[in-house]
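Chains as they are written, first to last, in our numbering: chain A, 40 to 489; chain B, 439 to 928.
Derived from the structure by calculation, the hints contain no laboratory data. Please read all numbers here as calculations on a predicted model, not as lab measurements. Just to be clear, a hint being listed does not mean it is correct.
With a Cα cut of at most 25 Å, we get these calculated DMTMM-like pairs of lysine to aspartate or glutamate [claimed, not checked]:
1. K758(B) - D922(B)
2. K262(A) - E693(B)
3. K262(A) - D382(A)
4. K262(A) - D486(A)
5. K229(A) - E693(B)
6. K229(A) - D394(A)
7. K262(A) - D545(B)
8. K758(B) - D545(B)
9. K262(A) - D240(A)
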Amino acid sequence: MSASTSHPTATLQAHFDRLVGALPDHCAAGLGWTLSLQAESSDFVRFNHAAIRQAGHLDLAQVTLRLIDGQRHAARTMTLTGRIDDDLDLLRGASAELGALLPTLPEDPFLQVNVQAQTSLRRECAVRADGPAIARDIVSLAHGHDLVGLLSAGPMLSGCANHHGVHHWHEVESVAFDFSLHREGNRAVKAMVAGRNWSADAFDRALAGARQQLSVFDRPMRKVDPGRYRVFLAPAAMRSLLDLIQWGGFSAKEQATKRSSLQRLVDGQAQLHPSFNLTDDLATGYAPAFDSLGHARAMQLPLIRQGRHAQAIVSARTAAEYGYAPTGADDEHAMALVLDAGDLATADATRALGDGLYLNNLWYLNYSDRANARITGMTRFATLWVENGVPIAPCEPMRFDASLFDLFGAELEALTRERELIVDTSNYGFRSSETVLTPGALIAAMDFTL
Amino acid sequence: MPITLSLSERIHTAARQLQSHAEFWSLRVVSRRDTELGVRSGVAEPPRIGADTGAMLTVVDRGGIGYSATADLTTTGLQRALDRARAWAVASAAHGVAHFVAPAHADEHGEFASPNIDQALPDARSLIDLLMTEDAAAARDARIVDRSASLQWSEVEQYWITSHGARVLQRHRYVRPNLCVTAYADGRTQTRSLGGQYNGYCRQGGLEAIAASGLVGSGARIADEALQLLHAPNCPTERMDLLAMPDQMVLQIHESIGHPLELDRILGDERNFAGTSFVTPEMFGSYRYGSELLNVSFDPTRPEQYASYAYDDDGQPARKALLIERGILQRPLGSAASEHRAAQTGFAVEPVANARAAGWQRPPIDRMANLNIEPGTSTLDAMIARTERGLLVRTNVSWSIDDMRNKFQFGCEWGQLIENGRLTTVVRNPNYRGRSAAFWRSLAAVGDPSTFEVLGTPYCGKGEPGQTVQVGHATPACLFTGIDVFGAAA
C-alpha cells in the first residue's frame with residue numbers, strides 16, 4: 040500500500056477488488072458475505088517548540104469479512120500485507136475460521152443484510168502531499184515561535200462489497216495541521232489549517248492570526264470567580280459541545296433504551312431554541328456515504344428541527360430490533376454535523392456579549408447528569424473577559440457545569456451568520472473523516488463552578 | 439497471526455538482511471488477535487475477531503529520529519520501511535526538538551508471558567452461554583430496559599530486535615469482562631455495571647481473570663442495584679468526607695496522578711492536545727503531592743495486572759519504582775528517551791520503563807503502565823466508623839480535568855451516605871469536584887490489603903497521533919476529608 044506519486048490509491052482499489060473476486064471461491068456454498076475496507080497512507084509529524092518531535096509514516100489497510108449463514112453471522116478483521124498472494128491466504132484462512140464458527144452460534148434475529156445492489160464511487164484525491172516538504176515549511180514559517188502541533192497528511196480510503204452486488208469506494212486526500220502557539224504559563228491559542236492540499240500561504244495566514252490572538256496575553260490574566268455569566272461560544276467551543284452529544288445522543292438504540300443525553304427532547308419533555316436546527320449532512324464533509332455493512336447512509340438527516348427532536352440515527356440492527364426505518368449508519372454516529380446559521384455577525388459578537396466571557400475553546404467535556412444533558416468541562420486556550428463589548432483580559436481556566444437544554448434552549452440569544460467548517464483531526468485508530476459546520480453562539484447565562 | 443517460532447525465525451532472518459547506514463535502528467513487530475463476545479437483552483451479538491500484525495521501524499541517526507510502520511513483513515517491505523524511517527530521521531535531525539540517541543538498552547535479551555497464557559479458554563459457544571446466563575439473570579423486572587454482558591480478550595505478541603543485537607519477546611493475554619444494566623421508570627434512568635462501563639475489571643491471564651472479576655453470578659446483583667438507584671434520592675450538595683472505593687479510585691489516580699507525572703507532558707509535547715501539567719521539574723524530590731499516607735508506585739511486576747511487562751517498547755527492563763513516597767513527589771513517569779531530553783535541559787531524573795506504543799502503528803511515548811496506591815492500614819469498617827458525615831462512592835461513570843491536570847470533576851454510579859459512623863441512605867448521581875494538589879493532601883486514611891483491588895482501564899488516550907493503551911491501577915479504598923459533592927439536577 041505504499042503510495043507512489045502517480046495514482047497511489049488505484050492500486051488499493053484493485054487489490055480490494057481482487058479480494059472481493061476471490062470470495063465466492065473461498066466461501067462454502069450458500070454463505071453470504073460482506074467485505075469492508077479501511078485504509079490510510081499517512082505522514083505524521085509532531086512538533087514541539089516549532090521543532091520536530093517525532094516524524095514518520097504509516098501504511099495501514101484492514102478488511103473486515105462478515106460471513107452469513109441464514110441468521111447466523113460473525114466477523115473477522117485482518118490487516119493486509121499489501122501482497123496479493125499473502126492477503127488472499129489471509130482471506131482464505133478467515134473464511135475457514137468463520138465458516139467453522141458459524142454453525143456453533145445462536146441465530147441473530149436482528150441481522151439485516153443489504154440486498155440492494157447499491158454502488159458508489161467518490162474519489163477526491165489531489166496531488167499527494169509531500170510530508171517532509173510540508174514539515175520544512177512549518178519549521179521555517181514558525182521559527183521563533185513556541186509552536187506545538189501535529190501534521191497529518193495522506194489519503195484515507197474505505198470500501199465495501201457484498202454478495203448481493205453492493206460495491207462502494209471512497210477515497211479522499213487530506214492534509215491537516217492542528218497547532219497551537221504558546222507563551223509561558225500555559226497561555227496559548229489554537230488554530231488549524233486543513234484541506235485537500237497543503238498551502239504554505241494558508242498556514243502563514245493562520246499563523247499570523249494566531250500570533251495576533253496570542254497578543255491578548257500581553258495583559259495580566261484575570262481570575263474569574265465561580266458564578267453565572269453571559270458567554271459567547273466560538274465555533275470551536277460549539278464543536279466540543281456537539282461532539283459530546285455524539286456520545287450516544289443521536290443513537291436510536293440509546294434513545295430506545297432511555298440512555299440518550301437528549302432523552303427529554305426525544306420524549307417531548309424538553310425543547311431547544313426554535314433557531315436550533317441540526318443536520319447530519321454528508322455533502323458538507325469528507326466522510327463516506329456508506330457504512331461498514333454497505334448500507335447507503337442518508338445524505339441529509341435532520342436530527343433536530345426548530346428545537347425539537349426530528350430523527351435518530353438508526354443502524355440496520357436497531358431498525359430490525361425496534362421496527363424503525365434504518366438510516367444506513369451501523370455505528371449510529373453522525374459524520375458531518377451542520378448547525379444552521381443565525382443572524383448575528385461574528386464581528387458584532389463581543390459588542391452583543393457586553394459583559395461576559397468569550398470562550399474560544401472548551402476541553403475535556405463529560406456528562407455530570409446525562410438524563411438532563413448536563414455537561415461539565417473546562418475552558419482552554421484563549422478565554423477572554425469582555426466588558427462593555429471590549430475584550431479586557433485573558434482568563435484562567437474555569438470549570439463549567441451546564442445543561443444543553445439551557446444553553447441551546449432558553450439561554451440561547453443568537454447564532455452567528457458566519458460558520459466554520461471544523462475538520463476532526465482525531466486519529467486514535469484510523470484518521471477521522473468527520474467534520475462539523477457550526478456558527479458561534481451567544482448565551483445569556485452559563486454556570487461556572489471552579 | 440501469532441508470532442510462532444517460525445514467524446520469529448522469519449523476522450529474525452529478515453532483520454539480518456536489512457541494510458542501513460543509520461547509527462541505530464529497531465524493529466518492533468506486534469501481532470495481536472482480539473475476540474469480542476456479547477449478549478444484549480437476551481440476544482447474542484455476532485462475534486468479532488480481529489487479527490493484526492505489523493512492524494514499526496525506528497531509526498536514530500545524526501541526532502534525528504524517524505519511524506515508518508508497515509504490515510509487509512518481507513525483507514523487501516521491512517527494508518522499504520527502514521529506508522523511509524531513516525529518511526525521516528535525517529530530515530528531522532536539523533530541526534529536532536532534541537538531539538536523539540540510541541536507547542540505553544539497545545541490546546537486551548529477554549522474555550515475558552502473562553500468567554496462564556497457554557491455558558486454552560473455553561470455546562465461543564460456551565462463553566456465549568455463560569454471558570447469556572448472566573444477562574438472563576439481570577432480566578428481573580419490567581423496569582430493566584437494557585442489559586448486556588460481554589467478554590473480550592486480546593492475545594498480543596511483541597518481538598523487538600535492534601541493530602545492536604536486542605532480542606525481546608513478550609506475550610500477553612488481556613481479558614476484559616463486563617456487565618451493564620439500565621433501569622428506567624417515571625422519566626428516570628439509572629445504569630449500573632460490573633466495575634464500570636469501560637471494563638474496569640481488566641487483567642492479564644486466563645480463566646482466573648474472568649473468575650476474579652465476579653462476572654459469574656453478578657447479573658442479578660447488578661440489576662438489583664440499578665433498580666435501587668432508580669428510586670434513591672438525589673445525592674445532596676454539600677462539603678463532606680469522601681470514601682472512594684477502588685473502582686472510583688482508578689480514575690482519580692489516573693487523571694490526577696498518572697497523567698500529570700508523564701515526563702513528555704512536562705516537557706511540553708502534549709500542549710496542543712492532551713495538555714501539560716501543574717508539575718514542574720523543580721518539584722521532584724521535595725513537593726508535597728499528598729498526605730503522609732500517600733505512596734504511589736509504578737509497578738510492572740504484578741503478574742495479573744493489566745499493564746505488566748518485562749521491557750518497555752524501547753527495550754528498557756521494567757522495575758517497580760515509587761513515584762510518590764509518604765506524600766513527597768520523587769520521580770516522573772519518564773522513559774529513558776525523555777530522561778535524556780530532560781537532561782539536555784538541565785533537569786536530571788531517573789527513568790522508569792514507560793516508553794509504550796499503542797501498537798505497531800504508533801511510536802512509543804511516555805505512558806502510564808501500572809500505577810498503584812500502596813495499601814495502608816485502615817479497614818473499610820474503620821474508615822466508615824470514623825466518618826461523621828460522608829459519602830461512599832463506587833464505580834466511575836464520568837471524568838473531567840483541566841489541561842494542567844488540576845481542576846477535576848468525577849461522577850459515579852453509586853453513592854451511599856455515611857452518617858455518624860454508619861452507612862445509611864443510597865443516593866443516585868453522586869459527583870464531586872476539586873483540585874488535585876489540595877485533594878491528595880486531604881487523604882485521611884488508606885485502606886488495608888482487605889480493601890485492595892487490581893483494576894485498570896483498557897482506554898487511556900494521549901499523543902499526537904492518538905494512542906490508546908491499556909493501563910492498570912491497583913488500589914485500596916481511600917478516605918478524603920472536606921470534599922465538595924453534589925448530585926443531579928432534580
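Structure versus earlier hints, numbers of those that do not hold, lowest first: 1, 3, 7, 9
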